[in-house]
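Protein chains in written order, with the UniProt record's numbering: chain A, 1 to 315; chain B, 1 to 274.
Among these hints, one or two may not hold up.
Claimed, not checked - The calculated DSS-like cross-link candidates involving lysine-lysine, where the alpha carbons are at most 27 Å apart (straight line), are: (1) A/K277 with A/K251; (2) A/K251 with B/K266; (3) A/K123 with B/K266.
Hints are computed from structural coordinates only; laboratory data are not their basis.
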Amino acid sequence: MALPHATTTPPDVREPAFQPPRGTRARHKVGVRAPWWFVVPAISIYLFVVVVPSARGALFSFTDWNGLRPDWSFVGLDNYASVFSDRTARDALVNTLVLAAVAMVVQNVVGLLLALGVNSMVKSRYVLRVIFFAPVVLTPLVAGYVWSFLLSPNGAINEALHAVGLGGLAHDWLGDPDTALYAIVLEIVWQFAGYSMVIYLAGLQAIPAEVLEAATIDGAGPWSKFRRVVLPLLNGAVVINVMLCLIGGLKQFDQVMAMTGGGPGTATETISTAIYKSAFSLGDFPFSIALAVVMTVVIAVLAAVQFRLTQRKVS
Amino acid sequence: MHARYTWRTLLREASLILLALVFLVPLVGLLNVSLKPQDSQTGALAFAFPPTFDNYGAAWNQAALGAALANSFLITIVSVVLIIALAAMAAYPLARVTRGWSRYTFFFVIGGLLIPGQLALLPLYATMRDLDLLGSLWSVILINVGQQMPFSVFLYTMFLRELPLDYEEAALLDGCGPLRSFVTVVFPLLRPVTGTVVILNAVGIWNEFFTPLLYLGGSDNTTAPVAIYGFVSQYVSQWPLIFAGLVISVIPILVVYFALQKHIIKGFAGGLKG
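Use the sequences and the hints to build the structure in full.
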């Protein structure tokens, strides 16, 4: 529908195309001055700790810099060639992607279910939220140790399996290359599902009750209400959760160090543990730094893909 | 939201409570095992009876946890205070100056959210070594502050953009300079977001393992997670002793959590929703 004025009055060409609402510009003139130098301390430390070393890292990945000598020379793509021909590094890359992907899916599903559960009429919802969220604040390293104990051959998980007559499934979860990575995923989901839950909860509580009532009046059942009303309105929470899980999963270090140290063999080696080991156990700085660049590219690409996909969903 | 409490709700409540109990198993197990005698052969699920506190004394002494906890406190408090001061200050012009350089500067800072710390790792390590800061708490504090700057500046800037100018104008008319009006007027108005920044950073920094392992490992200045890491590899599979150490190292953060859980849960949700 056209606005009544728009067609009747020809636009005045001398008027600027856009004017800020009356008041804002004048108010800025009153002189709320935010001095530019307020950013200097923050920027300096950010440059010193993040930007400059990252740029040097990217540069040094093309050199034979070994971290000790001040001199170095360019070696082109040699470091990358050795990264991609190295079995441990390739295993680490695959493990990291699998771990991040599986943890992302499971953690989001569990987190969303928990949020739906504790958002509703249940009387104990406040206590339940506190319990489901508690692992989030626990030191990841410590949580990793606790789980490595629970998952050990004589641990609580196997004991519980025996107790319910499923002793045949008992297993050395972290000692078997086929299950070790998923055992770590289990720990990560336990620890961070509460994080996803809280973000979904915030999203759920932002949905106006009238929208849900309208859907009910239109005859929507619980499933179609969830599918067609709740889920689309949760899109923002999904984007944040997926992004956080993905980046967190791709950087995974603490729990792996606590639970398996990357083993057995290379079954749970992640990019982060491989970077740490190649630099500080093997002293191979060029290799380690090239692997870090690969990791950065993987994160950037996946973040861009995710951004694209969710943008399309929004529009 | 005016539905009645039906048997379906009861069923849901019951299954959620069951799930919550399963969620608690690792935490209860942690406490339970730490109370068993050191040579205990009972299974993981067997309750420690009678409980013994011997492990706690032994772990406290053998893992040198007192000094490590003191370092963790110091690092966390100094880092968080610096992060708040610098990020809030930086966000002020980034939110208030709406054109030109501040836009680019804002994107430049939050771009840091996508850079994994591993990329900066080795050059930064070499720099800290050249500055003779290895083994010093300052290295870890500096790194925490720098690495947390993008996210904290982001939260402060988004919050400030929504904040009306009226108070600052009043302060200005009363003759306040920019610095004074920031400290006495703007900063107090930022309290809700400051709470979020404190919570997110304090939990993250207290639990941080990688940076202190690298910069403080092997020195006398370790933090709780690094001390625990060394302790576990030294007393492999003496679980009761190890778990007592683990409990001691997480008591501070868990106490804070259970005391402030309402604000913490809100802070996490609010901070990340932007």
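- [ ] Below or equal to 27 Å on CA atoms is what counts here, so check A/K123 against B/K266.
- [x] Holds - the C-alpha atoms of B/K266 and A/K123 are around 19 Å apart, at most 27 Å.
Task: A/K277 paired with A/K251 [C-alpha distance capped at 27 Å] - done: Holds, at roughly 15 Å.
Open item on the list: A/K251 and B/K266 were given as a pair; does the straight-line alpha-carbon distance stay at or below 27 Å?
Closed with: Distance of about 25 Å is within 27 Å: holds.
The structure agrees with every numbered hint stated previously.
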